[in-house]
Amino acid sequence: MSIGRKIILYTLLTIAGIIMFFPVVYAFMISFMQGGEVLQGKLWPDSFSFENYINAFEKVPLLKYLLNSIIVSTVITAGQLILCSLAAFAFVFTQFKGKNLLFMLFISTMMIPWEATMVPNFQTIQSLGWLNSFYGLTIPFFAMAFGTFLLRQQFKTIPIELYEASQVSGISRFKFFLTVVLPLSKTSLITLGIYCFLTAWNMYLWPLLVTNDEKVRTVQIGLKQMQTQEIASEWGVVMAGVMLVILPTLLLIFLGQKRLQEGLTKGAIK
Amino acid sequence: MNIPNVEKQSMKLQTKGHKRHRRRFSFLEGWLYLLPSLFLFTAFLFYPMVRTVYLSLFYTDTQGKPMAFAGMENFTALLSSSSFLLSVKSTFLFVLYTVPVGVLLALGLALLANQKLAGIGFFRTIFSSTMGMSVAASSVIWMFIYNPSIGFANRLLTWFGLPEMQFLLDPSTALIAVAVATIWMNTGFTFLILLGGLQNIDSQLYESAKIAGVSTIYSLRKITLPMLSPTLFFVITVSMINSFQTFGQIDILTKGGPIDSTNVIVYSIYKDAFINYNIGSASAQAVILFLCVFLVTIIQFKLGERKVHYQ
Chain H
1 MSIGRKIILY TLLTIAGIIM FFPVVYAFMI SFMQGGEVLQ GKLWPDSFSF
51 ENYINAFEKV PLLKYLLNSI IVSTVITAGQ LILCSLAAFA FVFTQFKGKN
101 LLFMLFISTM MIPWEATMVP NFQTIQSLGW LNSFYGLTIP FFAMAFGTFL
151 LRQQFKTIPI ELYEASQVSG ISRFKFFLTV VLPLSKTSLI TLGIYCFLTA
201 WNMYLWPLLV TNDEKVRTVQ IGLKQMQTQE IASEWGVVMA GVMLVILPTL
251 LLIFLGQKRL QEGLTKGAIK
Chain B
1001 MNIPNVEKQS MKLQTKGHKR HRRRFSFLEG WLYLLPSLFL FTAFLFYPMV
1051 RTVYLSLFYT DTQGKPMAFA GMENFTALLS SSSFLLSVKS TFLFVLYTVP
1101 VGVLLALGLA LLANQKLAGI GFFRTIFSST MGMSVAASSV IWMFIYNPSI
1151 GFANRLLTWF GLPEMQFLLD PSTALIAVAV ATIWMNTGFT FLILLGGLQN
1201 IDSQLYESAK IAGVSTIYSL RKITLPMLSP TLFFVITVSM INSFQTFGQI
1251 DILTKGGPID STNVIVYSIY KDAFINYNIG SASAQAVILF LCVFLVTIIQ
1301 FKLGERKVHY Q
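Just so you know, the protein sequences line up as chains H and B, in that order. By my numbering, the letter at position 14 of the first sequence is numbered 14, and the numbering carries on one by one without gaps. By my numbering, the letter at position 174 of the second sequence is numbered 1174, and the numbering carries on one by one without gaps.
Treat the hints as calculated values from the structure; they're not laboratory data. One should not assume that every hint holds.
As the list claims (entries may be wrong) - Capping the alpha-carbon separation at 25 angstroms, the derived lysine-lysine pairs in DSS-like fashion look like this:
#1 B:1210 <-> B:1222
#2 H:6 <-> B:1222
#3 B:1255 <-> B:1271
#4 B:1255 <-> H:59
#5 B:1116 <-> B:1210
#6 H:156 <-> H:175
#7 H:224 <-> B:1255
#8 H:64 <-> H:224
#9 H:99 <-> H:156
#10 B:1302 <-> H:99
#11 B:1116 <-> H:258
#12 B:1089 <-> B:1271
#13 H:186 <-> H:156
#14 H:6 <-> B:1210
#15 H:97 <-> H:156
#16 B:1089 <-> B:1255
#17 B:1116 <-> H:6
#18 H:186 <-> H:175
#19 B:1271 <-> H:224
#20 H:258 <-> H:6
#21 H:258 <-> H:156
#22 H:99 <-> H:175
#23 H:64 <-> H:215
Claimed, not checked - Selected chain H positions facing chain B (in silico; Cβ < 7 angstroms):
#24 21
#25 87
#26 121
#27 185
#28 199
#29 250
Owing to the predicted nature of the structure, the values given are computational and were not obtained by experimental measurement. Where a beta carbon is used, it is the ideal one built from N, C-alpha and C, also for glycine.
Bound-form chain B, shown alone (with noise of 0.2 angstroms):
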């Protein structure tokens, strides 16, 4: 790095006093610290974006070279591809089974930890825990939990008196399954950011509001959920981006299966490029990835502005 260089320069610029040099010099230190980030993103974010997009535009060989151009054909072929479609409803029934009940769960678990109880640090950090916990090792216990013939899940329903299933073998369940498993993986990060909000809100609040008599259910309402309506948003629109871009768990729990029920759209780009060699067909997807992310975070920014009380 050439920022020792700089200081001298610095130095040397200053004693010599000239207004103009100073500020132009002032500019460039602006840049010069922004540098090594800037270019990362360049060569790591932005430029393989646009080449993701002018792949996409393109029938490639095995090695990703672009061999002749496709216009829209890659889209218009996986419009009509079945098995991208089952993907494209595989993801968002995906998104819809973990956000809503994810974050629900985590609002619960935050409110119950934001009591001022002794020994509640042990239980915030019981809830926390899972953000501790990666994807490939949280996968694997859960795999576990549902093995048909020895795992947890089967003893239960058999304890309550219910008929054994196959919870990762059988289509109508897997990604019902895998979502249960991701919840749990999530709960920890979510749980956290909400705990953090909760105990940012001015606690005159809550006096005033005791000193005028009101219940617990109408603080909840009235002071809770308002106050803590910048991090909600925050917290759902993080967890819709991570539910999009879901693949560990499917890589070890199902592995895009049975009969690609589990297929979400990562793990589809990933099979395409890295095991079929569609390079084409894989970068059309990415594209249509990024839509869906930009998209939530566009009315993430357009509805955050208008409809969130901030403090």
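Just chain H, same shape as in the assembly (with noise of 0.2 angstroms):
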């Protein structure tokens, strides 16, 4: 490659990521302002104090949404890694009558927007007593069409040959899932398990219908009532929150980014 195509590509690059990081070292540095900073409308604070972190964690129980959060996000990747696999272990391990139509049953799910279902959805939380509960955060996001194609086409590399061995020595098809395929497919579950976990984290709407107290509610929901209570007098305080929020799945896309996009495109083309 030529000098002059270098230069070329890198300055593109460099403003691309200028810009599409921007907002994200703009709320930084806001997180670190004083009120009178902020209107002032400055791009650099002048100090950097933790005054705002601080504040966040006493104007709401901001460690009690994120701990929330954390369990949320973990029982759903949990819950989905486990129903996955074992769907997707069931679609190329096993042979049974109606396996296409299952097969064709999982495609149509993907054509269901989950917000149209969302009504009926709370009316059944509600007869089962599970508004403000970890079960109604949860429970009904285990089950994922696109998760458990990603683990099929996984599932589909191992050579046959190791499931032949394996009946051959009479080990049971559940024995054989656990000790040859999962372990096969370390990677793919890891993929699907940071995607599950980013989703998971940043649920909206489902928590916001489902939530009415503190008791379970998701950092989400603590941002938005954060933003309604402190709005125009305290935005240091807000963006110390935003910063809280976004840090840890930011940290999982800088680790694995590269394992993401392989994983991903894997599971959406093929």
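With the hints as a guide, dock the two chains, each given alone in a separate frame, to form the complex.
Right, dumping it as structure tokens:
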């Protein structure tokens, strides 16, 4: 590659990078500003003190919300990984009547927008007494067609000879699943896990509907609450909240970007 | 979960060695692995979808209990309601504003980030970073950016010598302002998928093109875009569906206003169901949303089979 071409590419990459990342850096800077500095419209804080962060924890029970979000996201991720891998295993390694029909059924779930079902779902959760509970926040999301397809692609790459050998040596199918299929698919499981966690952590509408007190409320709703309470007066504190909310997921992206990109394309296209 | 039981049973059946038993068991076993997913899909997706259609045909009380059969009344009422028609218009405009620009932007970034350069991993991470940003957090940041007196957007306008604007308070700009924020939020995911698609293209194709002395633009048009078409198609469909389902940024940035100009369909369903307690009307809107998404998916399947070049 010629030097000129390299310079052009790096320039374009840098400009694009600055524009894309600007809102995050901007929020980061404001999270250290005092009220007066924010009103003056500064871009750089006078000093980097953690006062706003301490305030954020005092204004709303942010620690509780963060903890709730960690519980909800972890449980959803675990549930999705278990159900998706079981379903994918059935699609690849078992033969039974109606398998194609069931596969079509899984595909058809992707045509139903979740929002179109939210009213009856809310009623179901209400009648089960699951409002303001971790059950209501997590269980409805355990089944996932996309994750099943992604793992199915991975399971298909496992040589059939391995399966036949396990059959000959009399290992049950479930044991084959646990001791051969899952360990061989570690990478895909981790990729899917990262994706599930990100999606669960960022959920907004459902937690808004089914939580109305602090007990199980997630941090996304906490952020909305903060923003409505604090509007205009203390943007620094609100932005400190924003930074705390995005920190875990940004870290996940920084660590797992390459893996996500390879894994998601596999499930999406082939 | 009763899987361990299954295992025991399976051993027993195998030692018995009855072929028919084994086959019947194998039949059951496949269903057993699928049972948890099937149960949840039925309880939280298929049943509520059917229920939504059912409720859309009734007048309901504030609890959402069907009171009297309404036939198509809920639908005809919607189609003659100017606020619903405005909501449909806003939704389609929103799709139009976000999808083409969003996909093109992400494609440009992906092409840039697909170059073999030192430190490219850093740029890839930056470009995909918005995937880790929640709708709530992103919306709060953009709310500040759009703040008329202290936000960055107006300072940028002033800097260029342009008049200041009331981005989220002016009915003629609010939807576009939300769309810009949304494009930014979605870029990370779209970029990541497109970059993955680009990297799956066989590099030998480019090498042969190079030997043949083909220009960059030509190989972009004749190799990259055709080979990327399945990914591109997938990304366009997902972006459209996502766009139809927009909620969080509306709830935080505009609450559907000003003068209903950003009252997109999911927000309208939410308001009717959980604020106005008009479940029948909300259900009818949900059915219309379902039909839109269903149509997009079907078109994708049909067109995808024919037009798209698969590897």
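Outcome of the hint check:
1. B:1210 <-> B:1222: holds (13 angstroms)
2. H:6 <-> B:1222: Holds, because 23 angstroms separates the two Cα atoms, which is no more than 25 angstroms.
3. B:1255 <-> B:1271: Judged against 25 angstroms, a Cα distance of about 10 angstroms means the pair holds.
4. B:1255 <-> H:59: holds (24 angstroms)
5. B:1116 <-> B:1210: holds (15 angstroms)
6. H:156 <-> H:175: The hint holds at about 18 angstroms.
7. H:224 <-> B:1255: holds (12 angstroms)
8. H:64 <-> H:224: holds (15 angstroms)
9. H:99 <-> H:156: Between residue 99 of chain H and residue 156 of chain H the Cα gap is close to 16 angstroms, so the pair holds against 25 angstroms.
10. B:1302 <-> H:99: holds (23 angstroms)
11. B:1116 <-> H:258: Judged against 25 angstroms, a Cα distance of about 15 angstroms means the pair holds.
12. B:1089 <-> B:1271: Status holds; Cα separation ~17 angstroms.
13. H:186 <-> H:156: holds (14 angstroms)
14. H:6 <-> B:1210: holds (18 angstroms)
15. H:97 <-> H:156: holds (20 angstroms)
16. B:1089 <-> B:1255: holds (17 angstroms)
17. B:1116 <-> H:6: With Cα atoms ~10 angstroms apart, residue 1116 of chain B and residue 6 of chain H stay inside 25 angstroms; holds.
18. H:186 <-> H:175: Roughly 16 angstroms separates the two Cα atoms, so the pair holds.
19. B:1271 <-> H:224: Given that 25 angstroms is the threshold and the Cα spacing comes to 17 angstroms, the pair holds.
20. H:258 <-> H:6: Between residue 258 of chain H and residue 6 of chain H the Cα gap is close to 23 angstroms, so the pair holds against 25 angstroms.
21. H:258 <-> H:156: holds (22 angstroms)
22. H:99 <-> H:175: With Cα atoms ~22 angstroms apart, residue 99 of chain H and residue 175 of chain H stay inside 25 angstroms; holds.
23. H:64 <-> H:215: Holds: residue 64 of chain H and residue 215 of chain H sit about 8 angstroms apart, inside 25 angstroms.
24. 21: holds (5 angstroms)
25. 87: Because about 5 angstroms separates residue 87 of chain H from the closest Cβ in chain B, which is inside the 7 angstroms limit, the hint holds.
26. 121: For residue 121 of chain H, the interface hint holds, since the closest Cβ of chain B sits about 5 angstroms away, which is under 7 angstroms.
27. 185: Result: violated, 15 angstroms to nearest chain B Cβ.
28. 199: violated (10 angstroms)
29. 250: Check passed: Cβ of residue 250 of chain H comes within 5 angstroms of chain B, closer than 7 angstroms.
In this structure, the earlier hints numbered 27, 28 are contradicted, and the remaining ones agree with it.
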